[in-house]
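Got chain C sorted already, so can you dock chain D onto it with the hints?
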Amino acid sequence: EVQLVESGGGLVQPGRSLKLSCLASGFTFSNYGMNWIRQAPGKGLEWIASISSSSNYIYYADTVKGRFTISRDNGKNTLYLQMTSLRSEDTALYYCTKLKSYYFDYWGQGVMVTVSS
Amino acid sequence: DIQMTQSPASLSASLGETVSIECLASEDIYSYLAWYQQKPGKSPQLLIYAANRLQDGVPSRFSGSGSGTQYSLKISGMQPEDEGDYFCLQGSKFPPALGSGTKLEIK
Chain C
1 EVQLVESGGG LVQPGRSLKL SCLASGFTFS NYGMNWIRQA PGKGLEWIAS ISSSSNYIYY
61 ADTVKGRFTI SRDNGKNTLY LQMTSLRSED TALYYCTKLK SYYFDYWGQG VMVTVSS
Chain D
1 DIQMTQSPAS LSASLGETVS IECLASEDIY SYLAWYQQKP GKSPQLLIYA ANRLQDGVPS
61 RFSGSGSGTQ YSLKISGMQP EDEGDYFCLQ GSKFPPALGS GTKLEIK
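Residue numbers (our numbering), protein chains in the order written: chain C, 1 to 117; chain D, 1 to 107.
The shape of chain D in the complex, shown without the other chains:
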């Protein structure tokens, strides 16, 4: 099975700061990667799919990049509403594998 290693586990950022979260796959996942945001007490919301495609309605400050085994989510200009947990999902091979999550807080 493919393993997803996500880093960092937690992150603190100032308003307006650019932040990055990484996911490393145990093998090539050919950009079959999605990113999600989960706010406390809420269900996860899709942000990015196909490694870099922005889901409809997601602010353009969110972007995804990467290929092969290395992928990243970038938030360009941290906003108060961006606080929450973020995780990645690989869908290249069954079973789907989720990253362990990154808790993003405002500094």
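Chain C on its own, in the form it takes in the complex:
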């Protein structure tokens, strides 16, 4: 059974940093691209970052480019999202997703990040 378990969220002040993790199981993690998607309270879903299976290709949404860094450790079956210079508009539920071809076939349960003073 595929499982994606996010962790590392919480309340953080504007301008500070936070690192999210996503522990994957139930599939060969090193064979698949992974993504982070977020959903602000009461809003729609927003794709924010993608990383290929071997980290050769990395992409970011303009809203987080230069502030967020996606990475992975295939030996630990873990995906990361390092978030810096956080803003109130980064407050959202962050999902880790597995990429199959061009779509996301599995999503984690999400981890909440609240940016507030």
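Hints may contain errors.
Cross-link-like lysine to any residue pairs, in silico, SDA-like; alpha carbons within 25 Å at most [unchecked claim]:
no., chain 1, residue 1, chain 2, residue 2
1, D, K39, C, E46
2, C, K19, C, K76
3, D, K107, D, S63
4, C, K43, D, D56
5, D, K42, C, G66
6, D, K42, D, D56
7, C, K65, D, D56
8, C, K43, C, K76
9, C, K43, D, E105
10, D, K42, D, V58
11, C, K100, D, K107
Since the hints were derived computationally from the structure, they do not count as laboratory data.
Same frame as chain C, but now just chain D:
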């Protein structure tokens, strides 16, 4: 970037009713489209991929259709467990674009 316009924003249906949700892409996405269902407090679940391919385990009352820029999700015979939010995803070109979502409720 490709934009996805989803309609309606909300929908109320009676049990057994057939409902449709639409997604319009800003350019041809060559059927690189997926549909998801999200129930309150839960993570999204894949329903349909490649515009009309049913994901394993998804009830056959769900179907997808469309081509070019216009796509739709149909639920043939609304069931209580179908209440939730539905959204589309295009994967034809980077970056991936998600529809704004449709909230489906039982009338």
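Notebook entry, point to check: Of the hints stated earlier, which fail here?
Noted result: When the structure is compared with the hints, numbers 4, 5, 7, 8, 11 turn out to be violated.
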